[in-house]
Amino acid sequence: MSNDVFVITEHMDGKFSDVSFEMVGKAKELASALGGQAVAVVVGGGVSSNVFASDSTIHVDDAALSNFNPEAYGKVIEALVKEKSPRLVMFGWTATGMDMAAWLSAGRACHWRRMRKYRRGSDDELSGIRRQVGSRRCRRR
Amino acid sequence: MNIVVAIKHIPSIADDLPVKGNNVDFDSVDFVLNECDEHSIEQAVLVKEAVGGTVTVIGVDMIGELDNALHLALAKGADKAVKITGDDPAADSHMQAKWLAEAIKGMGANIVFAGVQASNDLDGQIGPMIAAYLDMPYIGGVSSVEATGDSATVNKEFAGGVGAKYSVSMPLVAGVQVCVKPPRYAPMSKVRQMAQTATIEKVAPSGDSSSGLVFKKMAPPVVTGHAEMIEGSSKEVAKKIVELLKSKGLA
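One line per chain: the protein sequences are A and B, in this order.
In terms of my numbering, the first sequence opens at residue 1 and continues consecutively.
In terms of my numbering, the second sequence opens at residue 1001 and continues consecutively.
In short, the hints are calculated from the structure, not lab data.
Yeah, the Cβ is synthetic: ideal placement off N, Cα and C, and Gly gets one too.
Only true hints are included.
Ranges of calculated distance between the beta carbons of each label pair, as one might list FRET restraints: (1) T1085/B with F21/A: 43 to 49 Å; (2) G1225/B with I58/A: 40 to 46 Å; (3) A72/A with Q1196/B: 46 to 52 Å.
Taking beta-carbon pairs under 8 Å as the criterion, some of the chain B residues facing chain A (in silico): (4) Q1117; (5) G1124; (6) Q1125; (7) P1128; (8) A1131; (9) A1132; (10) Y1133; (11) Y1138; (12) G1140; (13) G1141; (14) A1159.
Here are a few chain B residues that face chain A, going by a calculated C-beta distance under 10 Å: (15) M1129; (16) P1137; (17) F1158; (18) Y1166; (19) Q1177.
Generate the whole structure from the sequences, applying the supplied hints.
The following block contains the structure:
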């Protein structure tokens, strides 16, 4: 496993969503603490991927991936994750991220964390805080 | 058309959640049907009414009280009800999805519906995980479904009110965000009739899965500020707002 942090970016009509940039910012912090790289992952054709302040960008550029397709995108990301073995893969909790994150986590030897704030713990631990049901807040690794 | 609806019985968020140790106090909280699942059941019944077939509703019985939700689903038009005797109120989404997938595997489903999300989806939603375990395509954020032949045309909602139409091959798993019609009302007499006459099939949980998630702490949110109510007539309120803006250096 590498110490890299992958950010699965989102775009529509050639424009990246705000959460993509927010995640890259957080990924840089985490990757720096882990001694790895923040990697922006762009899946899709016809989009300019040179917009992120990440350490590097992986662009899977194919016209067949121009529009979001959960199955196709998921399989591309799964192959990337298996090949590159990052420490953490970040998705937005959005219409596209929600279609792929749990799917990737269930079948593909990735564990899952859903959270709104992050703090790096020791070794394999990642702590996050999120609003729990009923406005409660929980912390978990 | 063989339609399966996977439902989730979740802690009610109508009141403050009782906390015990690092988790919800499951002994003193009511469990209710996940709201998205009500739309999911309605969407399944609408597809059945359009093209024929059967609707099977299946869920993990977290605290031994799932029967009410299943009877309600039957009263609304589902044909069969199955409960997985999990009896573990803390079973996470990975665990539930695995149990559900194992139980659904032999049902020959053409479409599996699941609510797109639930308030206790800490480790993800069950829909995409069932799809992963059953090796079926998944699409979430679904707001309408039309089944034709061996594929379905579904509408998926994106942010900003953008919708997209997809054609998905069957068998498939769809995460329903909202049904094209509001969930129908089932009269209590019909629900009671189902409670007296319907048979709920029991299935033992099978399979194992882990989210890798461990609760470290659960606590009420820390109050970081509060609202100040400005009272008085419109003029008085306006004057106070101006004073407030001036005091903050904003006017």
